[in-house]
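Trainee: If you read the protein sequences in the order shown, they are chains E and B. Going by the numbering used here, the first residue of the first sequence is number 1, and it counts up by one from there. Going by the numbering used here, the first residue of the second sequence is number 1, and it counts up by one from there.
There's no promise every hint is true.
[Said to hold, decoys possible] Not everything, but these chain B residues come out facing chain E in the computed CB check (under 7 Å):
1. Ile70
2. Met180
3. Ala182
4. Glu186
[What the hints assert, rightly or not] Pulled from the structure, derived: some chain E residues nowhere near chain B, Cβ distances all over 10 Å:
5. Tyr22
6. Val29
7. Val234
8. Glu269
Source of the hints: derived by calculation from the structure; they are not laboratory data. The model shown is predicted, which means the values in this text are computed figures rather than measured ones. Glycine included, C-beta positions come from ideal geometry on N, C-alpha and C.
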Amino acid sequence: MSDTAMSDTTAQIELTGVGRTYTRGKKTVEALTGVDLTIEQGEFITLFGPSGCGKSTLLRLIAGLDTQTTGEISIFGSTPKQASSRKDIAWIPQSSALLPWLDIESNASLSSVVNTRADRSGATTRRPEAAVGILEEVGLGDFRASRPDQLSGGMRQRASIARGFAQGAPLMLMDEPFSALDELTRDTLRIRLLELWEHHRKTIVFVTHSAMEAVLLSDRVVVMSPRPGRIREVVDIDLPRPRTWELTETSEFTAKVAQVKQILWSAWEGDE
Amino acid sequence: MTVGIDPLNPAVAVAPARRGRPRMSSRTGGALLTVGAPLALFVLLAIAWQWTAATFKSVLPPIQDIVTDIAGRPEFYLENLLVTLEAALLGFVIGVVVALLLAAAIVHFRFLRAAIMPVALLLNVTPIVAISPALVVAFGFNQIPHVIVAALSAFFPTLINSITGLRAVDPQALEVFDAMSASRTEVFFRLRVPSSLPYIFAGARLSVAAAVIGAVVSEFTGSSKGIGAVIVMATTYLNLPQMWAAIFFSALTTLALLGLVGLLERLVVRW
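Work the whole structure out from these sequences, hints included.
Mentor: Written as C-alpha cells, this is what we have:
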C-alpha cells in the first residue's frame, strides 16, 4: 500500500467541531453545530433524532456531498472529497434509486462502471465484490435479470443495499434506507443488513428516526436534537451480537430503547 | 391503424408516455370502448360529411369522389407524397439532431444556455412557415427551403423536451453517482441520457407533427411537387376531391412518421 495512513491501526473517521450553516438571503440557518465524533473502523454507528436535527446533513458532510462551514472531517486520514474520489465511500439513499433501464445485476455492479479513474489509478482501498454474490446474499439471486419495476419495494431496497456492498468501500453511509417500507419488510431487512455487516465488516454510519431500529443495529447510537442540530449524547449499545429478532423481546433491549428516547425527550423539555 | 401511437392528442405529450398498463376494468369492455366508440363517431362524421357535400356542393366533396380520384391516379399522389415525406423526414432528422446536440451543450454550459435560449424562444414565436417565401428567394425552386422549414419546425419541441429530460434526474440516484465521484461524462451518459429518453421521444413525437406541417405549408410557395403543391393546384382549379385527397395524404405522412418514432421508442425505451 502506497499510503501508510490507510493501513494505520488508528485509521478511523474523525469529526472535530463540525458545523453547517445555510444562508438564504439575509437569513442564516444553523443546521448543525459543534459536532465532535470519532468512529472506529468496522463500527456500526447510528445517527438518531427527529427531523431537523441535522442527522442527514451530517451524513452528507461525511459523504462529501456537502461541505461543512466550520470544523474538520477526516476519513482514513483524508478529506471526504478525497475519500470519495478514491471510491472509498458507498452511499445508500432513502429510496432505492435504482436505474430503471438496467437489470438488477447491472444496477448492483454500478460501482464498476462509475469513476473508473479511481480503479485505474489504484488509489482506492475498496475491494469490489461480485455483484452476483451479494445479490445471492440478499436473496435476489433469481432476480438478476429482472428490471427494477418488476420488483417489490423491499426487493428494490435490497438491490440498492447490494449495490452499496458490491462497491466494497470501507465506509458505508445509509440515509434512512428503510423509512419508505412497510413495517414487516422493514423488520426483515434490518436483520438482513445485520447479517451482511457481520459478514463484510464495513464501517456503517446509519441515519434513522426510529429508536428501536437504532438500538437493534448499532454499536453506538448518536442521539441528536434540533435547533440547532447537535449531538446530545452518544449511547453505547452493549447488547450481544449477532443480534436476532428475539433480542427485541428482551427487557435489556426495551430498556435501551427507552434510554435513547429519554435523552431526546429531556432535550426537548430543556428547549421549551 | 396498427401503428403504436397514443390515440390521444400527441400535441400535449410533454411528459413521458405511460405504457403497458391496462386502462379499462374489463378487457372486452375496453376493446368495445377503444374500437367501438371512435368507429361510431367516424360513421357519424361520415354521415354529416355526406349530407354537407350533398347540400352545399362548394364546401365539401362527396367521399366517393375523393376515393375515385385517388384510385384513378394513385401514382400521382404517391409521387407527391414521397416528395413531402422526404422533405419532412429530412427536416425532422436535422431539426432533432441539432436540438439534441444543443440540449446536451446547454445542460453542461450555463453561458450557452444564456446565449441559446432567447434565440430559441424567438424562433418559437416566429411563424416559421412565413419564412418559406424568403427561403425560396434565397435557395430557389427546390427541396431546400421546405427541408429548412421542416427542420426549424421540428427543432423547438425536441429542444425543450430534451433539456427538461436531461435535468429530470432522480436526485437520489445523482447522490449515488456523486458519492463515488463520478465524472461529468459518466453522469451524462450513464444517468442523464437514459433518464431523458422518454422525454426526448415525447418531444420527437411533437416534432414529427411540426415537421410535416412545416413541409406541407412550405410547399404552398415555390414548389410544383409535393402535397402542398397539390393543394395549391387544386385551389386553382377548384378541384375539391383533389384538395381533400391531398389533405388525407398529409395526415398519412404524419401518421407514418409517428409510427416510425414509436417503433424506435419501443426498441430503445424498454423500461
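Trainee: So which of those numbered hints doesn't the model satisfy?
Mentor: Failing hint: just 1.
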